[in-house]
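Chains as they are written, first to last, in our numbering: chain A, 676 to 814; chain B, 676 to 814; chain C, 676 to 814; chain D, 676 to 814.
Just so you know, not all the hints are guaranteed correct.
Repeated chains share a single entry, so a pair holds when one copy, or any two copies, can fit it.
Pairs of lysine to aspartate or glutamate, DMTMM-like flavour, derived with a Cα cap of 20 angstroms [to be verified]:
#1 K766 to E736
#2 K766 to D780
#3 K766 to E731
#4 K766 to E791
#5 K766 to D677
Note that these hints are calculated values from the structure, not bench results. Computed from a prediction, not measured in an experiment: that's the story for all the values here.
Number of protein chains: 4
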Amino acid sequence: MDGFSFSTEVRIRFAETDAQGVAHHASLVVWLEVARVAYLAAHAGGYQAIRDSGVEALTTEVCVRYHRPAYFDDALRVWARCSDVRGARFKYEYRVDRAGELVADGYTLHATVDRETYRPIRVPVWLAEAVARAEAPAA
Amino acid sequence: MDGFSFSTEVRIRFAETDAQGVAHHASLVVWLEVARVAYLAAHAGGYQAIRDSGVEALTTEVCVRYHRPAYFDDALRVWARCSDVRGARFKYEYRVDRAGELVADGYTLHATVDRETYRPIRVPVWLAEAVARAEAPAA
Amino acid sequence: MDGFSFSTEVRIRFAETDAQGVAHHASLVVWLEVARVAYLAAHAGGYQAIRDSGVEALTTEVCVRYHRPAYFDDALRVWARCSDVRGARFKYEYRVDRAGELVADGYTLHATVDRETYRPIRVPVWLAEAVARAEAPAA
Amino acid sequence: MDGFSFSTEVRIRFAETDAQGVAHHASLVVWLEVARVAYLAAHAGGYQAIRDSGVEALTTEVCVRYHRPAYFDDALRVWARCSDVRGARFKYEYRVDRAGELVADGYTLHATVDRETYRPIRVPVWLAEAVARAEAPAA
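Given the sequences, and given the hints that come with them, work out the whole structure.
Okay, structure coming up:
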């Protein structure tokens with residue numbers, strides 16, 4: 676996928692469908708999180724490593740555009756990239772496709788906070804560096 | 676409802692339906708929890724009061740029988756009673772109906788644990804007494 | 676709430692929280708839908724009436740900004756207004772607050788489709804008129 | 676796993692946890708469904724094949740016992756077997772473990788109905804035979 680080097684697959688559960696016969700739109704918000712977790716596992720030791728270092732990452736904004744309905748048992752590919760790490764904030768962008776066909780795209784914004792006090796805290800250097808390596812253009 | 680003195684209403688959300696056009700069966704497990712929370716709010720100062728006293732109530736068993744499908748926007752009445760408080764364990768029983776028609780029934784088992792150590796801890800006396808009062812047969 | 680004449684209350688369920696101890700961000704997307712359904716019940720005979728008229732309303736975009744965390748058992752007020760009904764599209768805007776404090780805001784976009792063919796179909800006149808009446812500024 | 680020949684893996688999503696810091700108990704009900712769907716995909720052409728043949732499988736009873744808490748990002752193995760196919764009814768039994776440690780067990784009951792009329796209809800012969808083959812003891 677143009678501009679994305681990481682993706683993970685999600686298979687739509689029956690519980691994620693609704694009475695319109697399609698995947699409920701809130702399910703997609705959960706799949707974006709699944710992709711972030713898989714991204715961090717691949718590139719930065721996992722989300723739990725971040726939590727264990729005393730940092731929580733809050734979600735401060737979610738925007739999703741739905742281009743095509745998705746159905747029970749569809750295998751979706753969720754492409755994710757982390758961009759704009761600055762201070763206590765970072766951004767993820769996403770494309771969700773099914774067999775190359777665009778199903779949805781969107782972005783999420785996040786803020787890092789101290790796990791105890793919930794006060795803003797800079798994105799840890801090791802995490803910012805791991806993201807920079809992950810998103811570095813191939814030579 | 677025979678044998679029940681407490682109930683709460685749940686209106687079925689669209690997100691709780693599935694591609695069969697009915698409420699997904701896992702939604703019902705959530706509504707039983709909604710009823711327990713409402714029960715504790717009515718009779719024992721609320722679930723948060725229990726948590727604030729250093730106790731967590733874990734769910735150790737859930738059994739639900741589905742008698743009739745339920746649909747988007749249905750108003751369900753969830754009847755709940757707490758029974759068998761003993762040691763570190765208690766039980767809830769439920770009937771869920773729609774306009775007097777049985778939709779589901781079931782029970783859940785719970786264990787109280789220390790909120791920090793997650794070791795079993797007796798149901799607090801104040802909570803056991805609140806339940807006993809709530810379930811006392813009307814004179 | 677400035678600019679909003681409709682709201683509904685949502686009480687946060689335990690099942691809607693996550694291991695950060697707050698309401699999971701996808702729960703908010705569901706509450707916006709709860710508000711839309713309540714809005715349509717108050718102003719346009721209910722969402723089921725729309726479906727019964729052969730029209731489905733799809734969600735084509737969701738954007739939510741999270742301003743403050745929300746917690747188990749919080750009573751949230753979800754303000755909703757329908758705007759920009761044009762052709763086969765309409766928009767909802769939202770503010771979610773807790774005791775007057777802003778928790779989240781956002782909007783959703785929707786498209787009306789024929790319930791059988793899923794082809795775009797104009798928002799029914801009766802529905803557009805019901806919305807216009809609901810959103811008419813008080814004299 | 677003794678008595679089970681089929682299993683599938685589920686990795687716990689952050690959205691599936693709750694404010695107790697563990698996987699919410701209703702999540703497990705969803706994972707049992709994920710296992711049934713994977714079982715049918717492996718042995719009987721998939722759940723959608725059943726739906727396409729004009730049959731819906733309703734869930735009529737769910738019982739789960741929770742033996743140990745499960746946590747975000749845990750990899751759980753869900754063992755499932757189909758038993759007691761008779762008439763319009765069938766049963767699944769489950770064991771859920773994490774690295775060989777029992778997390779939960781339980782069963783679900785199901786009824787097959789005509790997809791249009793929702794009237795009981797016998798489990799299709801091809802499906803009953805596929806299950807019999809799947810559950811046949813190894814020679």
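A quick look at each hint next to the structure:
{"no.": "1", "hint": "K766 to E736", "result": "both (9 angstroms within a copy, 18 angstroms between copies)"}
{"no.": "2", "hint": "K766 to D780", "result": "both (14 angstroms within a copy, 19 angstroms between copies)"}
{"no.": "3", "hint": "K766 to E731", "result": "within (15 angstroms within a copy, 33 angstroms between copies)"}
{"no.": "4", "hint": "K766 to E791", "result": "neither (23 angstroms within a copy, 34 angstroms between copies)"}
{"no.": "5", "hint": "K766 to D677", "result": "within (18 angstroms within a copy, 31 angstroms between copies)"}
Checked against the numbered hints above, the structure violates only hint 4.
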